[in-house]
Amino acid sequence: MNLTKAVIASALLASGISTAYAGSEIETLINMLHENGMVSDEQYGRLQAELKQNNMSANQEKQAIKEQLAEATKPSDVIVKVNGGVSMKTRDGAFSTKLGGRVQLDAANYSGQPDQGDGTEIRRARLYLQGTMHHDWGYKLQYDFANTGANGKGIADAYITYNGFDDLQLKVGNFKAPFSLEQQTSSKYVLFTERALPAAFSAGRHIGLMASTKQQHWSLAGGAFGDSVASKGGAKDEGWGLGARATYAPINDKISLLHFGLGLNYRDTGEFGTARFKQQAETHIAGINIVDTGTINNVNDFLRVGLEVAAVIGPFSAQAEYITTSVNRSLGSDLDFDGWYAQASYFFTGESRNYKKGAFGGIKPKANVGEGGIGAWELGLRYSTLDLIDGDINGGEADSVTLGLNWYATPTLRFSANYIDVLEVKGGSYDNQEPDVFQMRSQWAF
Amino acid sequence: MNLTKAVIASALLASGISTAYAGSEIETLINMLHENGMVSDEQYGRLQAELKQNNMSANQEKQAIKEQLAEATKPSDVIVKVNGGVSMKTRDGAFSTKLGGRVQLDAANYSGQPDQGDGTEIRRARLYLQGTMHHDWGYKLQYDFANTGANGKGIADAYITYNGFDDLQLKVGNFKAPFSLEQQTSSKYVLFTERALPAAFSAGRHIGLMASTKQQHWSLAGGAFGDSVASKGGAKDEGWGLGARATYAPINDKISLLHFGLGLNYRDTGEFGTARFKQQAETHIAGINIVDTGTINNVNDFLRVGLEVAAVIGPFSAQAEYITTSVNRSLGSDLDFDGWYAQASYFFTGESRNYKKGAFGGIKPKANVGEGGIGAWELGLRYSTLDLIDGDINGGEADSVTLGLNWYATPTLRFSANYIDVLEVKGGSYDNQEPDVFQMRSQWAF
Amino acid sequence: MNLTKAVIASALLASGISTAYAGSEIETLINMLHENGMVSDEQYGRLQAELKQNNMSANQEKQAIKEQLAEATKPSDVIVKVNGGVSMKTRDGAFSTKLGGRVQLDAANYSGQPDQGDGTEIRRARLYLQGTMHHDWGYKLQYDFANTGANGKGIADAYITYNGFDDLQLKVGNFKAPFSLEQQTSSKYVLFTERALPAAFSAGRHIGLMASTKQQHWSLAGGAFGDSVASKGGAKDEGWGLGARATYAPINDKISLLHFGLGLNYRDTGEFGTARFKQQAETHIAGINIVDTGTINNVNDFLRVGLEVAAVIGPFSAQAEYITTSVNRSLGSDLDFDGWYAQASYFFTGESRNYKKGAFGGIKPKANVGEGGIGAWELGLRYSTLDLIDGDINGGEADSVTLGLNWYATPTLRFSANYIDVLEVKGGSYDNQEPDVFQMRSQWAF
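Chains as they are written, first to last, in the numbering used here: chain P, 92 to 537; chain A, 92 to 537; chain H, 92 to 537.
These are calculated hints, taken from the structure and not from any lab test. Among the hints, a few may not be true.
Now the stretches of chain P that chain A is said to cover, found in silico as 3 or more residues with beta-carbon under 8 Å [what the hints assert, rightly or not]:
no., stretch
1, 171-185
2, 188-197
3, 204-213
4, 236-243
5, 370-382
6, 456-467
Just so it is clear, CB atoms sit at the ideal spot from N, CA and C, and this is done for glycine as well.
Here chain P stands alone, though its shape is the one from the complex (with noise of 0.2 Å):
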């Protein structure tokens, strides 16, 4: 019941007990029978007094049952959801707080050169407490307990956002750099078990600044970032950096969307000066390179550039990114690395990927299992290349052929089934070697 009714409910309670009260016909019957003589003043007292007491009776009654709604409807503080996580807040949506998390469980085997180990592993595991705080602040710190190390390795966002300005949020902490569709697309939810190739390209997560906005059409953020949670300094500077993305979706609806993208990620590299690139076969069970620049020295900074196209119709999508990578050195020639990847998907069972403001997010099936259905059935092929070689770098060449296939049980379940066919790595220390991967994972998220 919202306010609104509860004051008129309170205001009817409330005129039920005024002057042409409920039952107040008796008494104008008594009085008339009184005035024409059919009841005698004797028996005209008798019947005023018990009206009265009875009146007073009833009147007392409704004062107890208007006390007790108002208790029973009085806005309680707190509303508490369940999902497999929980999200509670306040009625008035000053606070709010949400404990979820996500587990992914993965099995690998291998065939085909370099040797790679078959195995399993926890991919991630991680949990989140984010919410609101009076109002217009927010805050999340999320960890992943499968990535552990020293000096919080495993800290994934930690970051205070404010959020009381129309259509601009701002946010310190730490959180991803604003580049790439497929980075800015959460890992529980990307079409793939592992992104493609380019990803070695990845702008990850730094201390930082950030301020965006996002609308239906589109979306800009830029920010200025520090190092990576890990990183310690001690005597030398640590590296810092600057980045910018801004997206376009001139079709945006349940079942339709067009995207482009231009991200842009300068770093510098501090005193450190230095950089690598490298790549698994977009595995990463058995953790071995197939591509790796090594550590390259004298480095100044590099510039990423990142190209993205995405589009939605229906069951159907399809996704592309190009990426390239500049890297300034003190010493030796400049170099350039790039890569990139297309990928389609179709879902046999009617649902859309779905699109929110510049990133992917969750699939819903149409029918759940455990409900009756048989959940969402999605189908994916991609090709994705990355260029390590330039100058006196030669961290190789590679390309693959990835097909997947996802099975979304409930919107808080996954299983993914993925075969990726390594076409040829060229150069590099595994030149010609060609590995095959099939992998598998389960997991839940909310």
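Given the coordinates of chain P, assemble chains A and H onto it according to the supplied hints.
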């Protein structure tokens, strides 16, 4: 108020507004008096008007109360319970979330040889988030903040379950392989502060798949497993294994139990080819292994077989296990190691060990401290022995006697004192030594 | 509505159905009119029947409302509050659970010598679960995700309390030894981003037992402690200690305080026999210790003595501490190190430092940002000095002046900027050097 009652109540409320409405006798009376000529036409008109208006007001009033009552008694979405941790579930049972944990605070004093350093330790400090999603699915993530290290070493449970079949649960993720009564019993609930010497043959937690069924008088579980969370294969295939356990409890009621169990656990060592078995003096603070095979090379695989028996007769309990491990080597003869323990306990305060379909659970004192009682007091005695000598491997042999006192102040609190007398170490690095251990634990768990 | 009111209300509801029931005057009137011959016997019969039926309906209706009201106003089990984190307690107070935390996001710019690397850091990222069990027992587990390492290094608080005695609390587990006003004050609430130079003599957290009492005008705490969480003895006995602190606050109301304190802390080094005292330039990002004794060997034990004084007069506060540490060696002369600081602060916005029985607590702005205000603004000034030179140990001596600005946007948010001018380092590795530090912090905490 259940739904039926609410419907009846609503019907009654509604019925009060229908044809022979509440107070309709007054209208009848007025009509009669008018017919009988007791009130004039003019008076009759006034009475009718007043009656009509009052009826309308009364109906509005009733409607308002009806709406407020509906609002007040709508099935609230989430039921919250606090018992130290917190559990929440939706009224329909489709979703639930539980946040709980345990902390074990230990101190130990050592005497005899070898030298073991007196000290303190947080043995375990775990939090878990566990729940139900969309009726048929479950999840859990549990982390041990006291057992941290790189690559997610501290992750204990991390899994998904499917509970949509009658009497059969499927589980995928990281969890304990089904082996050994004392291993299946949580560290919160085992009789002594540390498990018996044969825990050297613990099957432990691995990432895998398991099917299980648990009935009142028997249970059966079997699964296939990869390697442990923190193992990183690199170029080598990780180890894998198969495990199964059957239990039979011909007697199993609140205060009586007779339990038999058989466990099998096979491990292939993958491309690592090594195995190691070791054990401390049923203590953990100093970290000295009094028996230790060291790393055994050229191991293809090994098989553990475990036999279990347990009984509860009111406040008395007894439990014994025998475990043997056969190591199959590609170079060198096969090896056989084994061990067993037998233990008994008695509650002075009348409680009984709490058996739950294949393992022991927590103790609820008859009267809690803080609520007028003294909690539950239990005395325990154990003999255990472990033989890690065979063929060319001289890991040593040890046997020990443990006397333990447990005080369960409340269902969530436990304080324990253990005295462990290692009778003799034979062979291995500590041949002929006889250490003693006195250790205490303070534990909260929920 | 309290229980009494509910009972009265129920009684009133019930009474409405009794003898002189609501509307009984109509029955009286009908009887009178019948007696007076105004209605015929047939009419009287019809009226009575209608009246009876209507009364029955009315009673059923009232009973339904009564039942629904009882359902709606039953005491719900758990009260939930959200203030960023979340706290829940049962209505009877027997159980409670609180989930909270803090994140401190730092950036620093260094100048002068020695070289210190500019950079960023997550200084602390903590979550805690804390609660009450069965009335008299409490627990807490707090982990610092930014200070991780092996063997549970990140565990901050992990303890059990017993609160069943009047005015006396028992605590077992890992927690801060009772020593130093600035140490007892949470890092969320200390005046500057880092504690003063004499924090080199911090007594820190250890696993132990403590008894304490906290009154309006005084507090007393004493305990025995083992070693810290991450220390692993192996064959050597870990260190242990004793600690006590007494405070006296002759003036202590909402806006005025006069506080005196005395702390003693004794540490035996166990079989390790070493001690080390060191300190950074009241900064943490670069990690350079400007004074450092290095590892001192042959140490039997050492004793810290601390003197505290603090005052609050409305928006003004002042605080000073002197700490001396006497090191007793088995080889070499005894050593004496010491340090002190004095600081003052002023709230432009009229708030007062918040003293809670022996330590300072959090600031509640008079008007929050996001709720029409500008938060609380505080300026602080500190001088501190530390001398780590004695006998054969030349750890260096340093003194510094710090100017700080704190902005508390809401009770849960704090932004701080500090400028630290190290006046001079004398002796040690950085003799004659004078580094400056500018550092900023963004913090959420609840």
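To see whether the hints hold, each was checked on the structure:
1. 171-185: holds (count 7)
2. 188-197: n = 4 at 8 Å, threshold three: holds.
3. 204-213: holds (count 9)
4. 236-243: holds (count 5)
5. 370-382: With 4 residues in contact (Cβ-Cβ under 8 Å with chain A), the coverage given for the stretch 370-382 of chain P holds.
6. 456-467: Satisfied; 4 residues make the cut.
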